[in-house]
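> Single-letter residue listing:
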Amino acid sequence: MSVETRTFWQRLTGQGRVRSESAKPDAQDRPMITLRPPVEIAPDDPLVAYFLSNPGSVEVNRLNMDSPALRALKEEGVQMAVPLVSQGELIGLLSLGPRLSEQEYSTDDRRLLDNLAAQAAPALRVAQLARQQQAAAAERERIEQELRVARVIQQTLLPKQVPDIPAWRLEAFWQPARAVGGDFYDFIALPDGRLCIIVADVTDKGIPAALVMASARSVLRSAAEGYPSPGQILARANDLLCPDMPPKMFVTCLCVVLDAHTGHCLVANAGHNLPILRNAGGAVELRATGMPLGLMPGMVYEEVEADIAPGERLVLYSDGIVEAHSPQREMFGFGRLQELVGAHHGGALIEHLLADLAGFTGPEWEQEDDVTFLLIKRLGTKNKKSQLADRPDARIIAAFQVDSAPGNERMAMLRIAESLVELNLETRAVDRIKTAVAEATMNAMEHGNQYDPDKPVQIEAAVIGDKLVVHITDEGNNGPAITNVTPDLDLKLAGQQTARGWGLFLIQNMVDELNIIDGEHEHTLELVIHLQGGSDGNTAV
Amino acid sequence: MVTQQFEAHVRQEPSGVIIDLVGQIDSQAEEALNTAYAEADATAKQVIVLNFSAVEYINSTGIALVVGLLAQARKAHRELRVFGLSDHYMEIFRITRLADFMSIHQDEAGALAS
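Chains as they are written, first to last, in this note's numbering: chain A, 25 to 565; chain B, 1372 to 1485.
Simulated from the structure, these hints should not be mistaken for laboratory data. All of these numbers come straight from a predicted model, not from anything done at the bench. Where a beta carbon is used, it is the ideal one built from N, C-alpha and C, also for glycine. Treat each hint with caution, since some may be false.
[As the list claims (entries may be wrong)] Distance ranges between label pairs, derived from CB positions:
| no. | chain 1 | residue 1 | chain 2 | residue 2 | range |
| --- | --- | --- | --- | --- | --- |
| 1 | A | Q199 | B | T1414 | 47 to 53 Å |
| 2 | A | L181 | B | D1478 | 54 to 60 Å |
| 3 | B | A1413 | A | A379 | 57 to 63 Å |
| 4 | B | Q1477 | A | T286 | 54 to 60 Å |
[What the hints assert, rightly or not] These stretches of chain B come out as covered by chain A in the derived footprint (C-beta under 8 Å, 3 or more residues):
| no. | stretch |
| --- | --- |
| 5 | 1390-1403 |
| 6 | 1425-1432 |
| 7 | 1440-1446 |
| 8 | 1455-1463 |
| 9 | 1468-1479 |
Just need the whole structure built from these sequences, with the hints factored in.
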């Protein structure tokens, strides 16, 4: 068949334009096959409409319309064109030059070409769809890979743990959005012993945000080493970031410098959400303002100061929570957050906020942005007075707190044992005091404070005359579990009494006196051990 | 506070089955302790021995767990013996009267001797 003399193969590109390709000339003694450069057919070219309304082969030279594609086909010497139509869409074109015999295409030739086109069109369509799917899958994988990289960068740069500061509890919560926002936070120990706390949010998402985050974190750390105040730290960081900040990107940042000994803190703000201080007066915003980092150099950042008293807390957060939407497209908002912080008492504030957020957004919520919280809580009860220090002749040998968490009674036990070293007590006496303190601490954590992480147990020990007096104080309303039921092993083994209930019994048997002191908002177990000639061998050597 | 995970391992000897206890006996020990006891119980040995040599801390919850094991043993007419208790915990076993129901021995040989 003479159509072999010159062949053009046309196809639609993914962008909806039709192109033709050709094969190279073959050996001299074989029919010559020529592949020509592709001919583009724009979707709005009238030739497309013509082919769709006139399926079947057509002699190109007989067509007459104002069509760039038709002109191109004629210039390429195409004589016969057979549209490849699938599901009402022109997906390609078989285009052929003159027959080698220089005769006209016969009716049989055209029938054969039409049959060929009818079979080739669906096959080509399937091939095109497969290729499109492959390309889409590759693109999705590329985006996922980018997100993974961005998430790894972000996670790598976040602190592995929060600082452990006596009498303070710091908590951090960070939940990245699927698209990986630019939230980060940091804790930087300053040379003068204070702590610099950062929470920041980079505009944009994915790898660009992660890279700017890495840069901002380094710059803030460097600035914190040289400058003692949050305003200066932000001003310096801003000047360092400005020259290299990509267009349309910036960093909002809140910087708090905390003196953990006094509770005094200084706050400076570069366009970030205002922190919320929860104190006796409710929840108040610390209103410091300033331009985001990286927009323009030479900025000045005002500072506000605040004192965090025992029992009070400071909440820093990113806009992932306040800008979260409900199914009705309402925004969570600053007011709701402030109300929640103000109304919440006791521990687990972050869990409380997250539970409220989950209720607000509903189960189908796709998190739009990173959600970050930092909680800075000063432990202890306000104006709590030491009862032992007021007693005449009392020599305090230990005063500390332990958080109410299972297992922490051992911490109390070991701390009290350290303080007993100077008294040179016999091993047996020390063991008895350790057990009594551990059991009293467990009682305070479990029954008094109900394992509320915001309620520590206060432990004080003093030598008063020839006695060692230990106070274990909780902050609960329930008081220690004082029961008059003496554990009876016979009854317990017979199943007529719970197997538990040994704590107070053990304490009573380990010390010389056990007193219970009830305060308005606290309960104290007072353990008294006679140091000289005690009935149970608490003899100093 | 970082603490060692409690472990309990069961091994059989000709005259009894021994449960080696390692770590602290508190509320965290409950599952491992009961699992080990069930394993020892399944051996049908008359004597079950608790080895406290590697136990550094027992609190009141731990005492309650031991009471629970003792109750099970008595129900099944098994004899529960212990060894390896420190002087302090031996005193606590006396105060709580656990010592009235479980014979306390210095070492494994003493505990296994009939």
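> Give a verdict on every hint.
Consistency of the hints with the structure:
no. : hint                          : in the structure
1   : Q199/A to T1414/B: 47 to 53 Å : 50 Å, holds
2   : L181/A to D1478/B: 54 to 60 Å : 55 Å, holds
3   : A1413/B to A379/A: 57 to 63 Å : 44 Å, violated
4   : Q1477/B to T286/A: 54 to 60 Å : 56 Å, holds
5   : 1390-1403                     : holds (count 4)
6   : 1425-1432                     : holds (count 4)
7   : 1440-1446                     : holds (count 3)
8   : 1455-1463                     : holds (count 5)
9   : 1468-1479                     : holds (count 4)
Violated hint for the displayed structure: number 3, the only one.
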